[in-house]
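A.B. asks: Chain S is fixed; fit chain G onto it per the hints.
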Amino acid sequence: MSELLDSYARVAGEEVIDQLQQLSAPMKGAKFVHVNSTRVGGGVAEILMKMVPLMNELGIDTSWEVITGEDKFYQCTKSMHNALQGDQVNISEDLLKAYEETNSKNADVLRPALEDADYVIIHDPQPAPLLKLCPDRKGKWVWRCHIDASKPHPPVWNYLSQYVKDYDASYFSLADYAQQLPHTQYLIPPSIDPLSDKNMDLDQSEIGSTYREFNLDQNRPIMLQVSRYDRFKDPIGVIEAYKLVKKSIPEIQLVLAGGGATDDPEGEEVLNQVRESAGDDPDIHILLLPPDAHKTINALQRVSDIILQKSLKEGFGLTVTEAMWKGKPVIGGNTGGIRLQIVNHYTGFLVDTPEGAALRIQELLQSPDKMKEMGKQAKEYVRKNFLNTRHLREILSLFAILDNQSET
Amino acid sequence: MTSNNENIQPLKIKNCAMLNIATGIRAQNLKELKDKLTNIHSESIHYHFWAKKLRPGFEEPEYNNDFATWAYKNLHNNKLAERLSLINPGMFSNIEDLRSKIVEVANLSLEESKTSINAKEGEKFQFTRSEVVLFDTKFAISNPEELVDVLPNLPLGCIYFHFIYSKNDTGDISSWLSQFDSKHNNLTDQISKLDPYFFTLSEIRVKASHIFTDYFKGVAK
Numbered sequence: 001m002s003e004l005l006d007s008y009a010r011v012a013g014e015e016v017i018d019q020l021q022q023l024s025a026p027m028k029g030a031k032f033v034h035v036n037s038t039r040v041g042g043g044v045a046e047i048l049m050k051m052v053p054l055m056n057e058l059g060i061d062t063s064w065e066v067i068t069g070e071d072k073f074y075q076c077t078k079s080m081h082n083a084l085q086g087d088q089v090n091i092s093e094d095l096l097k098a099y100e101e102t103n104s105k106n107a108d109v110l111r112p113a114l115e116d117a118d119y120v121i122i123h124d125p126q127p128a129p130l131l132k133l134c135p136d137r138k139g140k141w142v143w144r145c146h147i148d149a150s151k152p153h154p155p156v157w158n159y160l161s162q163y164v165k166d167y168d169a170s171y172f173s174l175a176d177y178a179q180q181l182p183h184t185q186y187l188i189p190p191s192i193d194p195l196s197d198k199n200m201d202l203d204q205s206e207i208g209s210t211y212r213e214f215n216l217d218q219n220r221p222i223m224l225q226v227s228r229y230d231r232f233k234d235p236i237g238v239i240e241a242y243k244l245v246k247k248s249i250p251e252i253q254l255v256l257a258g259g260g261a262t263d264d265p266e267g268e269e270v271l272n273q274v275r276e277s278a279g280d281d282p283d284i285h286i287l288l289l290p291p292d293a294h295k296t297i298n299a300l301q302r303v304s305d306i307i308l309q310k311s312l313k314e315g316f317g318l319t320v321t322e323a324m325w326k327g328k329p330v331i332g333g334n335t336g337g338i339r340l341q342i343v344n345h346y347t348g349f350l351v352d353t354p355e356g357a358a359l360r361i362q363e364l365l366q367s368p369d370k371m372k373e374m375g376k377q378a379k380e381y382v383r384k385n386f387l388n389t390r391h392l393r394e395i396l397s398l399f400a401i402l403d404n405q406s407e408t
Numbered sequence: 001m002t003s004n005n006e007n008i009q010p011l012k013i014k015n016c017a018m019l020n021i022a023t024g025i026r027a028q029n030l031k032e033l034k035d036k037l038t039n040i041h042s043e044s045i046h047y048h049f050w051a052k053k054l055r056p057g058f059e060e061p062e063y064n065n066d067f068a069t070w071a072y073k074n075l076h077n078n079k080l081a082e083r084l085s086l087i088n089p090g091m092f093s094n095i096e097d098l099r100s101k102i103v104e105v106a107n108l109s110l111e112e113s114k115t116s117i118n119a120k121e122g123e124k125f126q127f128t129r130s131e132v133v134l135f136d137t138k139f140a141i142s143n144p145e146e147l148v149d150v151l152p153n154l155p156l157g158c159i160y161f162h163f164i165y166s167k168n169d170t171g172d173i174s175s176w177l178s179q180f181d182s183k184h185n186n187l188t189d190q191i192s193k194l195d196p197y198f199f200t201l202s203e204i205r206v207k208a209s210h211i212f213t214d215y216f217k218g219v220a221k
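So the sequences go chain by chain: S and G. So the first sequence is numbered by my numbering: it starts at 1 and just counts up by one. So the second sequence is numbered by my numbering: it starts at 1 and just counts up by one.
Hints were generated in silico from the structure; no laboratory data involved. One thing to keep in mind: the hints can contain errors.
From the derived model, a few chain S residues whose C-beta atoms are all more than 12 Å from chain G [claimed, not checked]:
no.	residue
1	PRO53
2	ILE207
3	PHE214
Just so you have them, the derived chain G footprint on chain S, three or more residues with Cβ under 8 Å [as the list claims (entries may be wrong)]:
no.	region
4	16-22
5	183-193
6	393-399
For every residue, glycine included, the Cβ atom is placed at its ideal position computed from N, Cα and C.
The following block holds chain S by itself, in its conformation from the complex:
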């Protein structure tokens, strides 16, 4: 077994690696391409960053292509993202034209690799039209929707589905997100990489320096939310919860750690609203981290007592899994994929309001034993269900099923 596979076996178990080797054996040497719209920032890029080397290690010739575009393209895809999450956004013809033209230009570059590939996964709406733009494709094409599309704005879904319907299959994080499509819709939750900078064990000196770097008091409780400055992540709600807790636990500190994804044009506006809401409270630390600050986020999660992900909409919420992997109880918004990760009252708490979050923060801070026990359960829950080895097993199983269907 290679060193990389051996490292995964130590965390996930040898049986899991054995399954991956069995599933990948018929795919050895096959060309597998992932396509998304950003190399850095956001959950999809993080998944691919580690998934692609792991697939190559298993003998599958895997590459990761990123489509690029101009402002209008990202405005369109951000609106599309919001509309799939339920916003009643109508996208102008002008923006849709930019979307189509951008995909067409990218297809000109990617067409040889995509048409030659045996297996292709297109991630999210941004590159969805590529299938139609590769008429001589020979492989199996699957569309992956990472978004909570449970209540999409119908005109936008109808527009997008004209591109998605011709895929061989699609997969979603939860059954609630699946839509009417003429092909099979699989359910595969995303995952974290236990060996990545963001999730690996850190030594005490790295953890200790985090307090100094961000001017945090080691002797006072810290609550943390890590996420992009996006209104669906509800950073304002987190500040409200913090202010409620502060009344009874004045020593509490709040860290909001976010960065921008290159495909998110709304981040700055939300960040300004967050700064305004925080005012001049010295115990609210608003951090704007670069996209490669993985070890910093890892350390921040480890120095925090409680981690929040108070999203109002969330496709999955990998920050929840990351926090649970650090053995921390997580208080999450009662929405989307967060509900799959947080087993209410066992691995954390699900809340609907800032008041609910404040209640659970106080409850946990007053019960250190409960906090420890929940954290322990959370870590084991992730080990069994949300590591990238499980994720890859399901992706390979999906393509094995598609291959079998072609043979019969």
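C.D. replies: Chain G in isolation, oriented as in the chain S frame:
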């Protein structure tokens, strides 16, 4: 009747993983659940009774199947949840009889209740089905006594395959044991009486391991 043990094929130990598939069919209240149950694919009914044993989730289920859990958590109907949870799929000879039983319980609850409770958005019952992918563990058992050491260490996917997925088929442990001569009748009987519906996969592994250990200790005496 005794069989020639030498001719019995070894039991190939297999592991399995489940890939879940959305059907796109949902129910928001009990009436919708009942109406959709009438036509839902039989694979989906099987899924909602058994798949939770392999799915992400805590291993201490309050109720034994997805219908009962939904009735409890999302319709807040404890009486219905208890009745649905008592439906043991192992007691039905085919999936259509099982389907009829669930519909019967749902009808009874609808007749009793004057009001219909809707599950919240995002908490509808999601009819799901699955495909199972099998893995070869390269282990094969020729003699039942080998299971004394092997069973306690089997991954839960193997337990699912040999005690649930392949019930009454190739791979079912009690069917395999029944091929041996009558000296193992008692063991076969104990294993076939181990009802997987009421236990988690870990519990099934522990209970089956105890049966094998106790049996072969007794035989040794």
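A.B. asks: For each hint, tell me whether it holds in the structure or not.
C.D. replies: For each hint, the structure was consulted:
1. PRO53: At roughly 22 Å from the nearest Cβ of chain G, PRO53(S) sits farther out than 12 Å, so the non-interface label holds.
2. ILE207: About 29 Å separates ILE207(S) from the closest Cβ of chain G, which puts it past 12 Å; holds.
3. PHE214: Fine: 34 Å to the nearest Cβ keeps PHE214(S) off the interface.
4. 16-22: holds (count 3)
5. 183-193: holds (count 6)
6. 393-399: Three-residue rule met by the region 393-399 of chain S, so holds; n is 4.
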